[in-house]
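Enquirer: Start from the sequences and build out the full structure, keeping to the hints where you can.
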Amino acid sequence: MAQKLDYLKETPSQTSGPYVHIGLAPGDAGFDIYRQELGRDIAGAQAKGDRISVRGKVLDGTGTPVKDVLIEAWQADAAGTYPGCGEVAPDFRGWGRVIPDFETGEWSFDTVKPGPVAGRSGIMMAPHITLWLVARGINVGLTTRLYFADEQATNLNDPVLNLIEQDSRRKTLIAQKNGDSYRFDIHLQGDNETVFFDV
Amino acid sequence: MTQFPDLYQRDREWHPPAYAQNYKTSVTRSPRKALLSLETTPSEAAGPTFGHNDIDPLDKDLLRNYAKTGDPIGERIILHGRVLDENTRPVPNTLVEIWQANAGGRYRHKKDTYLAAIDPNFGGCGRTLTDENGCYSFRTVKPGAYPWRNWVNSWRPAHIHVSVFGTSFAQRLITQLYFEGDPLIAKCPIVNTIPDQRAINQLVAALDLNATVPLDSLAYKFDIVLRGYRSTYFENRPEGN
Ligand SMILES: [Fe+3]
Chain Z
627 MAQKLDYLKE TPSQTSGPYV HIGLAPGDAG FDIYRQELGR DIAGAQAKGD RISVRGKVLD
687 GTGTPVKDVL IEAWQADAAG TYPGCGEVAP DFRGWGRVIP DFETGEWSFD TVKPGPVAGR
747 SGIMMAPHIT LWLVARGINV GLTTRLYFAD EQATNLNDPV LNLIEQDSRR KTLIAQKNGD
807 SYRFDIHLQG DNETVFFDV
Chain L
60 MTQFPDLYQR DREWHPPAYA QNYKTSVTRS PRKALLSLET TPSEAAGPTF GHNDIDPLDK
120 DLLRNYAKTG DPIGERIILH GRVLDENTRP VPNTLVEIWQ ANAGGRYRHK KDTYLAAIDP
180 NFGGCGRTLT DENGCYSFRT VKPGAYPWRN WVNSWRPAHI HVSVFGTSFA QRLITQLYFE
240 GDPLIAKCPI VNTIPDQRAI NQLVAALDLN ATVPLDSLAY KFDIVLRGYR STYFENRPEG
300 N
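In order, the protein sequences belong to chains Z and L. With my numbering as the guide, the letters of the first sequence map in order to residues 627 to 825. With my numbering as the guide, the letters of the second sequence map in order to residues 60 to 300.
Hint data in this document are derived by calculation from the structure and do not stem from the laboratory. From the three backbone atoms N, C-alpha and C, an ideal C-beta is built for every residue, glycine too. Some hints here could point you the wrong way.
[To be verified] To give an idea of the interface, some chain L residues facing chain Z are shown, with a C-beta separation under 7 Å as derived from the structure:
#1 Pro-75
#2 Thr-87
#3 Leu-95
#4 Pro-107
#5 Asp-115
#6 Trp-158
#7 Gly-182
#8 Gln-261
[Stated by the list, open to error] In silico negatives: residues of chain L with every beta carbon more than 10 Å from chain Z:
#9 Ala-77
#10 Asn-152
#11 Trp-210
#12 Leu-274
[Claimed, not checked] Here are the simulated distance ranges between beta carbons:
#13 L:Gln-80 - Z:Thr-780: 40 to 48 Å
#14 Z:Met-627 - L:Gln-256: 18 to 26 Å
#15 Z:Pro-785 - L:Gln-256: 35 to 43 Å
#16 Z:Glu-819 - L:Cys-194: 37 to 45 Å
#17 L:Ala-245 - Z:Glu-713: 49 to 57 Å
#18 L:Tyr-173 - Z:Gln-629: 45 to 53 Å
#19 L:Cys-194 - Z:Glu-663: 21 to 29 Å
Expert: As C-alpha cells, this is what we get:
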C-alpha cells in the first residue's frame, strides 16, 4: 500500500431544478425579496465600448425551447480585460444572469462587445462571451462560448475555435449579426448540437 | 497581466452524467457529443467577485428575510459549513446562494402548483458571503418533501439547492443538499444520477448537535468542495513573474 493522497473530492453537481429563479432571480419567480438582484447589468450605462444586444433560445433535442433555463454570462471588457485581471472600465461587471421569457423561451441581454483576450502563452483569443447554462434536466452546468460573426479574421486564428475538428461544429459558437443585435441559439442535442466545453 | 494556475481536471465520473435515463427530463436536455476539453485560459480562470455592497446581512436569515406577520412554520434549523477547495484551502469571500421549498414542500414560484400551502412568511431563498475562513451559515426551516412528475409516484427527499462561485468561473457549481437519515434519498432518481455512493454521501448534511441553538434550532453541517488549483513547481515562467 502506498501513502494516501489527501485531496478532497469536488462536491458533485445536481440539477438546478425548475425553480432556480427563486434562488438566483426571485423577481422572475414572482416575488421581491432582495434590495438588489445580482447580475442584472453586465455592463452598466457608463461602461465604455460598443453597446450590443444578444438574443436567442436554448432548444432541447426535440427542438422545443427550454423555458426554465438560467444562463450566466461572463466576459472581458471592451479592452479585453477581465475583472480581477487588471483595471476594467468603470461600471463594468463582466458577469450577468439571463432568464428567458417563460412563454416563448426567448432570452436577450445587453452588454458591451468584449475585446480580444490573451489566452494561454499569450496567444490572442477572438472576442467571446462565456455562457454557463443550468436548468431542470441539466445535471452539470454546461459551458460554451459565444463568438461574433463579424470578427471573421480573429475567429480564424482563435486557439479555442481551432480545437474543434469538424468545421460544421465551429459554426455553433458563432453568433450571427442580425440588424443591431446578435442571434445565438443553443442546441442541447441533435445535428446542430452546440459545442460544450469541459473547462 | 495576472497569471492564474490551472484548475484540476473535473472528475466527470464523480459528477452525474448528462444523460441519466431514470431522470426523464435529462433525456432530451443532455448533450450527446463529447465535451471539448479546454485548458484553463483567463476566461475560465477569472471569475466575478461579490462584496458586502451586493447583499444585506438579513439575506442569510430565511426565518426573517420575508417575514410579514411572524416566523415561518416549520422546524427551525441552522445550516452551516465551509467552502473549501480540493487542496483543503478555505475559499473566503465567495457568494453562496440557497433556495428551497417551505416546510410543507411548496415553492414560492409562479410555476409551482403543488397543493401544500404557501407560507406567507417564507420566501425560500437566501445568500451570504463566506468569511475569511471559508465559513458560511444560514437560518431557515427544514424543507418538506414534495412529489414531482417523473414516475407517477416520485417524491423528492427534503433538499436545499445550493449555488457557489469560488474564485474561477470554471469552479462554478450548483448542487443540492439532503438531510441525514432521510429514507427518500435512496429512492430519488435525481440523487441517483450520481453513480458513486461516496459522492452521494457528500451531499448529505450531517446533524450537528454542537451547532444547535439550545431550545431554539437544530443544526446541520454541509461543507462544499470546489475544484483545486495545480501547483507550478517546475513551470518556466516568463521574466518578471
Ligand atoms: Fe427542489
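Enquirer: Confirm or reject each hint.
Expert: Each hint tested on the structure:
About 4 Å separates the beta-carbon of Pro-75 (chain L) from the nearest beta-carbon of chain Z, less than 7 Å, and the hint is met. Proximity of Thr-87 (chain L) to chain Z holds as hinted, the smallest CB-CB distance being about 4 Å (cut-off 7 Å). Evaluation of the Leu-95 (chain L) hint against chain Z yields a held restraint, the C-beta minimum of about 5 Å falling below 7 Å. Interface hint at Pro-107 (chain L): satisfied, since its Cβ lies 4 Å from the closest Cβ of chain Z, which is below the 7 Å cut-off.
Taking 7 Å as the C-beta cut-off, the interface hint given for Asp-115 (chain L) holds, the closest approach to chain Z being about 6 Å. For Trp-158 (chain L), the suggested interface contact is upheld, since its CB lies about 3 Å from the closest CB of chain Z, less than 7 Å. Checking Gly-182 (chain L) against chain Z: minimum C-beta separation of about 5 Å stays under 7 Å; hint holds. The restraint placing Gln-261 (chain L) at the interface with chain Z holds, with a minimum CB-CB distance near 6 Å, inside the 7 Å limit.
At the 10 Å boundary, the C-beta of Ala-77 (chain L) falls inside the reach of chain Z, the nearest C-beta of that chain being 6 Å off. No beta-carbon of chain Z comes within 10 Å of the beta-carbon of Asn-152 (chain L); the shortest separation is about 12 Å. Listed as a non-interface residue, Trp-210 (chain L) keeps its Cβ farther than 10 Å from every Cβ of chain Z; the least gap is roughly 15 Å. Even its closest Cβ contact with chain Z, about 29 Å, leaves Leu-274 (chain L) beyond 10 Å, as expected for a residue assigned away from the interface.
Take Gln-80 (chain L) and Thr-780 (chain Z): their Cβ atoms lie about 42 Å apart, and the range 40 to 48 Å holds. For Met-627 (chain Z) and Gln-256 (chain L), the hinted distance range of 18 to 26 Å is satisfied, since their beta carbons lie about 23 Å from each other. Distance hint check: the CB atoms of Pro-785 (chain Z) and Gln-256 (chain L) are about 40 Å apart, consistent with the given range 35 to 43 Å. Between Glu-819 (chain Z) and Cys-194 (chain L), the C-beta spacing of about 41 Å keeps the proposed range 37 to 45 Å intact.
One distance hint, 49 to 57 Å for the beta-carbon pair Ala-245 (chain L) and Glu-713 (chain Z), holds here, with the actual separation near 52 Å. Range check, Tyr-173 (chain L) to Gln-629 (chain Z): Cβ separation about 51 Å, and the 45 to 53 Å hint holds. Checked against the given bound of 21 to 29 Å, the beta carbons of Cys-194 (chain L) and Glu-663 (chain Z), roughly 25 Å apart, stay inside it.
Checked against the numbered hints given earlier, this structure breaks only hint 9.
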